[in-house]
Amino acid sequence: MTSRSIPARNRSLEGVQAPSTRTSLTWRLRKYLGFVFIAPWLIAFLAFDLIPTASAFYYSFTDWNVIAKTSNWVGLANYEKMFTGDRLFWPSVWNTLYYVAFAVPLGVIAGFLLALLLNTKVRFQGLFRTLFYLPAVVPSVAAIMVWLWIFNTNNGILNWFLGFFGIDPIRWLTSPDYSKPALIIMSLWTIGSGMVIYLAGLQNIPDDLYEAADIDGANAWNKLINITIPLMTPTIFFNLLLGLIGSFQIFNAAFIMTEGGPVNSTRFYMLHLYEKAFQQSQMGYASAMAVLLFVVVLLITIFVNWSSKRWVFYG
Amino acid sequence: MLVIYVLLLAGVAVTITPLLWTVSTSLKTAQQLNTWPPEWIPNPIAWSNYSEALTMLPFGRYFLNTMVLVVAAEIGALITCSFVAYGFARLELPGREALFLLLISTMLMPYIVRLVPLFVFYGNIGWLGTYLPIAVPDLLGRNAFYIFLLRQFFRGIPNDLSDAARIDGANDFRIWWSIVLPLSKPVLATVGIFAFQSTWDDFLGPLIYMGQNPHMRTLAVGLYQFRNQPGGENLMPYLMAVSTVMMLPILLIFGFGQRYLIRGVTMSGLKG
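If you're matching them up, the sequences are chains A and B in order. The first sequence begins at 377 in the working numbering and counts up by one. The second sequence begins at 25 in the working numbering and counts up by one.
Chain B with its partners taken away, still in its complex shape:
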């Protein structure tokens, strides 16, 4: 038993050290970077790194851009995907199983193959450098994983409730909105957190489809641009400060909603 604790604690140390190291570096001056052996609590603490780093590039604008995409992703996940999932879970339609298999298969398709044709397509319709290439597919519910999770959950809700509502004259839109959705808060929380996390994390999509316009950078793309500024290693405290700021929201959400997140992750693995 003791061996297990030692191994686990060693594992925790390896896992957490990079994060502590990030925060520590973000509070150092350029001179303190070269102190050897490394100092974990810098003296003095350079709090001003944060305000300086965040004003070196228009990070407020990048945050706004990211949030626009987050809102689109949330609407797509919570409204559109759940609407679609209701169709797959509760309604008869010809070829339903085949269509669902098709939906699942899109999860395994490498996104790489769509990249070039979509880039050209977005260019032709004037979408490059706008929110649309990311927001529109999200709004339309192009996320098989969310639909899959929601459908699994909806299938577990007893039919008695919707049958009763049907007798009272409710149609399927009403049943989806007023009966199924209110009962599905746990899975909606799961999907909502996933949608936030993946949008916050996405780099390649915003880089390729929005990066043409410097005002349209997201936080992830902005952080990448930040690194490319002149300054070399001396820039490191600033880089770590911005990285820390970028981690905070998702760590907070994870802190409050980890139950839902982990449930979603495990559902995908055990039933997939």
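If we strip away everything but chain A, and leave its shape as in the complex, we get:
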């Protein structure tokens, strides 16, 4: 695949990039022309990524409160308060870990299984793919309203459906035992976006690998374990990472559907941070929470990346 592009690039080096008529100054400036092109992004990166991130680190060491109008250096006091002085901090951590521990693996597995089903020689593959992907484009606030009604204890269709199996109405959103499972179930509605990625990956696996396995007398299970899954590990890895980062920041569903309740059972990390920052104006403390999550997500990314060397197969 490189045989075509390399001569083209060489030609540009010989024939165009060093015309003798041009001054050397133009040439030296040309080297920096790329910066003109990436300048808008560089400005945006500095103003909206780098400086705010660095500021968050600084603010996390202050007692900055917009209402009380204080802003003093307090060292590690915010972090100390987080771990020992904030009654709702640890519940928010626990709720978030609970959600991540179920929503991410279930999402990855369900999406992958769905892609396997679709990658057989089914008819209407395109139509199935479209239908499964549909929920992923539904605006999240609208989707939350829909599920709010589905989970309704008395008139929701989920309890109506479960009724056929003799299951008594479950108080999905009003019982602390079911609120987190409800949000996990809702998150599985959008597995179509992962499925589409897996499906494309599956279709990239060369057929001759399976044909060779057929000749060796491998059955479907052998082929799945020894060909399909190993070759799909980079794609699974990517989805796992995105799923983890996204799930740690779950906010909309809890904020709109349950407002953190019942009894703080859906008070997730982001929701707690939002309340501290934007309802109680404790900007310093909220910054410390943000910094901690930032560091944790960074460590997880590094860990998953590091561990991927053991299980991800880059052919």
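Quick caveat, the hints were computed from the structure, so don't treat them as lab data. Please note that a few of the clues may not be correct.
[Said to hold, decoys possible] Restraint-style ranges between C-beta atoms, simulated for each label pair:
#, chain 1, residue 1, chain 2, residue 2, range
1, B, W201, A, G461, 54 to 60 Å
2, A, L503, B, L125, 35 to 41 Å
3, A, P582, B, R198, 37 to 43 Å
4, B, K209, A, I543, 48 to 54 Å
5, B, L275, A, W449, 49 to 55 Å
6, B, F280, A, K599, 33 to 39 Å
7, B, W201, A, G622, 31 to 37 Å
8, A, V680, B, G150, 40 to 46 Å
9, B, V27, A, G461, 54 to 60 Å
A virtual CB, placed ideally from N, CA and C, is assigned to each residue, including glycine.
Using the hints, position chain B against chain A.
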């Protein structure tokens, strides 16, 4: 094979039922809500729910606000991001690979850490309650994912064309605008759809940075406010009506452009 079809059809049923249920509920009267077992096709059909729901709050204004942000996001995605991507794809610059790695890494950074400092910053420069906190970063091309997709595509365009243009005296701005962009319609469609979808979907950004001003609500924030009105469960048909209206544009775009959307989604996964 039969088992596979049964499983797939069951999956489709689970996927689609919530959407049908939404439309069904949006056409019910408050009394019909309590009918048990649930009625799928309400009798009579309460079409007036739509006009009533959409006038309970100034949804026209919310639509306008959302569209302003959509236009900014589209300009940012199609013009700015593609301009930046051309620099990354086609131009030599010192430290290009390191800068590109930096760009990619911003995709994995939790947005949460920027939230509080940006809120304060926007407050200090008087931007809270205006379009600017969302529109300006978009216009400046602060979207690593779009730049990444565009760059991948631009790298696949043969250099011969731009070399020929260069010999004819075209500079890089001309080459980007008149040669690379016209050849990049598929990826521009992908990025354009993503930009629409994510702006239409965004909730937290408009809530925090624009929500101070009731006239500056977007559709997503407006729908959230709608739910907080008094009325409890009786409000449900109206809520479902507004939700349906909010889903329609994106479902239409998905219907026409799903090829481009799915290509973009898969590109991110396979090359990421």
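Okay, the hints, checked on the actual structure:
The hinted window of 54 to 60 Å between B/W201 and A/G461 holds, with their beta carbons roughly 58 Å apart. Take A/L503 and B/L125: their Cβ atoms lie about 40 Å apart, and the range 35 to 41 Å holds. Remark: the range hint 37 to 43 Å for A/P582 to B/R198 is upheld by a beta-carbon distance near 41 Å. B/K209 and A/I543 have their C-beta atoms about 52 Å apart, which keeps the hinted 48 to 54 Å range intact.
Distance hint check: the CB atoms of B/L275 and A/W449 are about 52 Å apart, consistent with the given range 49 to 55 Å. At about 37 Å, the CB distance of B/F280 to A/K599 agrees with the hint of 33 to 39 Å. The hinted window of 31 to 37 Å between B/W201 and A/G622 holds, with their beta carbons roughly 36 Å apart. Judged by the Cβ atoms, the range 40 to 46 Å given for A/V680 and B/G150 holds: they are separated by roughly 41 Å.
Distance hint for B/V27 and A/G461: a CB-CB separation of about 56 Å, consistent with the stated range 54 to 60 Å.
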